[in-house]
Every structure is written in structure tokens, then in C-alpha cells.
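Student: Now for the letters of each chain:
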Amino acid sequence: AQSVTQLDSHVSVSEGTPVLLRCNYSSSYSPSLFWYVQHPNKGLQLLLKYTSAATLVKGINGFEAEFKKSETSFHLTKPSAHMSDAAEYFCVVSDKLGRDDKIIFGKGTRLHILP
Amino acid sequence: GAGVSQSPSNKVTEKGKDVELRCDPISGHTALYWYRQSLGQGLEFLIYFQGNSAPDKSGLPSDRFSAERTGGSVSTLTIQRTQQEDSAVYLCASSPGLAGTFYEQYFGPGTRLTVT
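Chains A and B are the protein sequences, given in the same order. 36 is the number of the first residue of the first sequence in this note's numbering; add one for each residue after it. 8 is the number of the first residue of the second sequence in this note's numbering; add one for each residue after it.
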């Protein structure tokens with residue numbers, strides 16, 4: 036069965052310091068993995084996605100994530116946080132089971148940026 | 008081009024009333040999803056339409072919830088006899104093909120439903 040676990044519900048970092056948002060998944064097959072961001076009172080936006088090509092994926096706004104099959108992880112990182120990065124981030128796993136696509140959202144990690 | 012749109016943006020209703028929420032997906036997108044997001048919670052999958060296939064209704068929380076998609080485009084989520092626990096933001100997303108596996112979802116701004 037598929038599942039996705041975001042290990043931290045809240046993360047606080049100072050502006051200019053690195054960001055690490057953790058995501059672990061379980062999947063029966065070869066999953067696709069996504070990170071979405073939701074800014075306050077805004078819709079969800081795709082940050083990046085992994086679909087079995089390069090394991091290091093670069094996304095928008097300087098974010099990147101590395102797919103590590105041995106660790107079943109897909110952590111999101113950014114070298115230097117900016118105030119505009121304050122938002123909620125969702126890790127998503129997607130698999131194809133039979134003819135159906137199953138998409139599972141994590142519970143989200145709220146990122147706080149300290150001045 | 009236009010993104011996914013949802014209407015109304017806000018809806019306040021009395022307990023026991025029925026409500027209809029509308030989603031206009033991106034033109035040409037064959038897959039359409041409905042999710043519910045409660046305060047402080049992640050996204051809860053409700054229902055999924057893919058082309059002309061029977062919808063995946065496995066996420067609907069009760070038989071008070073139903074959805075339809077007319078002509079493979081616009082979708083309506085209906086909640087009958089609303090309860091206070093139905094208060095949430097209802098999000099719609101569409102996707103160009105086999106949703107999720109290779110294609111990302113494009114989300115609408117949501118409808119905030121408040122049941123008083």
C-alpha cells in the first residue's frame with residue numbers, strides 16, 4: 036500500500052539558512068513523487084516532480100529534492116531561505132495500481148522563516 | 008490560458024441545507040479531482056474523474072456527498088444536509104492525462120465552505 040509521511044508538521048529556519056523538509060514514502064511499484072507549495076490564501080502550486088529520470092530534481096524558486104530509493108525518501112531542500120518561502124509544503128506520492136492512479140498527499144509541513 | 012476555476016469562492020450555509028460547488032478545469036484536461044482541506048489538516052481525497060471511465064468515489068466520506076462531471080469538463084460537488092464537520096476548503100484539480108503518475112495536478116483556488 037502507498038503512504039507518505041512528512042516527518043515535521045512545522046519547521047522554522049532563519050532567513051538565509053538552509054531549508055530541509057523531510058518526506059518518506061512507501062510504494063509497491065515505481066512511484067512518481069511531487070512537492071507542492073501552498074502560500075497563505077493561495078492555491079497549491081507544483082514545486083517539482085520526480086518521474087524515474089534523474090534522482091536529483093530541481094524545481095522552482097531554488098528548491099530541489101533527491102529521490103533515494105534505498106532510504107525511501109524524497110526530502111526537499113533549499114540552500115538559503117527567503118521570507119517568501121513561508122508556506123505549507125506537501126509531499127505527494129503517486130502510483131499506478133491496475134488501471135487506477137492513486138495519489139496520496141502528506142499532511143503537510145508548515146515552513147516558518149525567521150528574520 | 009485560464010487555470011482551474013472554482014465557484015463560489017466562499018459559501019456560508021445553515022446546517023441541514025444542500026450546497027453545490029463548481030469546478031471548471033483547464034480545457035483539454037481529462038482528469039479531475041476533488042479534495043477537502045480542513046484547518047490544520049492535509050488534503051483529503053474525495054473523488055476522481057478520468058475521461059469517460061467510472062469515477063473513483065473511494066474518498067467520499069458519506070452518502071451525503073456526490074459529484075458529477077458533465078461532458079468531460081465542468082464538475083459539481085454536491086453536499087446534502089450539510090453538517091458543521093463539513094466546514095472546510097474544497098479544492099479541485101485537473102490534470103492533462105493519466106493524472107498523477109507523470110502529470111502534475113493544477114489546482115483551483117478552492118471554495119471555503121462554512122456550515123453554521
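Honestly, I wouldn't trust all of these hints.
List of simulated lysine to any residue pairs, SDA-like, C-alpha gap at most 20 Å [what the hints assert, rightly or not]:
#1 Lys77/A / Gly78/B
#2 Lys142/A / Asp25/B
#3 Lys84/A / Tyr113/B
#4 Lys93/A / Tyr64/A
#5 Lys142/A / Thr107/A
#6 Lys84/A / Gly66/B
#7 Lys142/A / Val96/B
#8 Lys77/A / Ser14/B
#9 Lys142/A / Gln48/B
#10 Lys77/A / Gln90/B
#11 Lys64/B / Gln37/A
#12 Lys93/A / Pro53/A
#13 Lys18/B / Lys64/B
#14 Lys142/A / Ser14/B
If you're looking for bench data, these hints aren't it; they were derived computationally from the structure.
Student: Compare the structure with each hint and give your call.
Tutor: Cross-check of the supplied hints:
no.: 1; hint: Lys77/A / Gly78/B; result: violated (28 Å)
no.: 2; hint: Lys142/A / Asp25/B; result: violated (29 Å)
no.: 3; hint: Lys84/A / Tyr113/B; result: holds (13 Å)
no.: 4; hint: Lys93/A / Tyr64/A; result: violated (23 Å)
no.: 5; hint: Lys142/A / Thr107/A; result: holds (17 Å)
no.: 6; hint: Lys84/A / Gly66/B; result: violated (24 Å)
no.: 7; hint: Lys142/A / Val96/B; result: holds (15 Å)
no.: 8; hint: Lys77/A / Ser14/B; result: holds (15 Å)
no.: 9; hint: Lys142/A / Gln48/B; result: holds (6 Å)
no.: 10; hint: Lys77/A / Gln90/B; result: violated (26 Å)
no.: 11; hint: Lys64/B / Gln37/A; result: holds (18 Å)
no.: 12; hint: Lys93/A / Pro53/A; result: holds (15 Å)
no.: 13; hint: Lys18/B / Lys64/B; result: violated (23 Å)
no.: 14; hint: Lys142/A / Ser14/B; result: violated (25 Å)
Taken one by one, the earlier hints fail for this structure at numbers 1, 2, 4, 6, 10, 13, 14, listed in ascending order.
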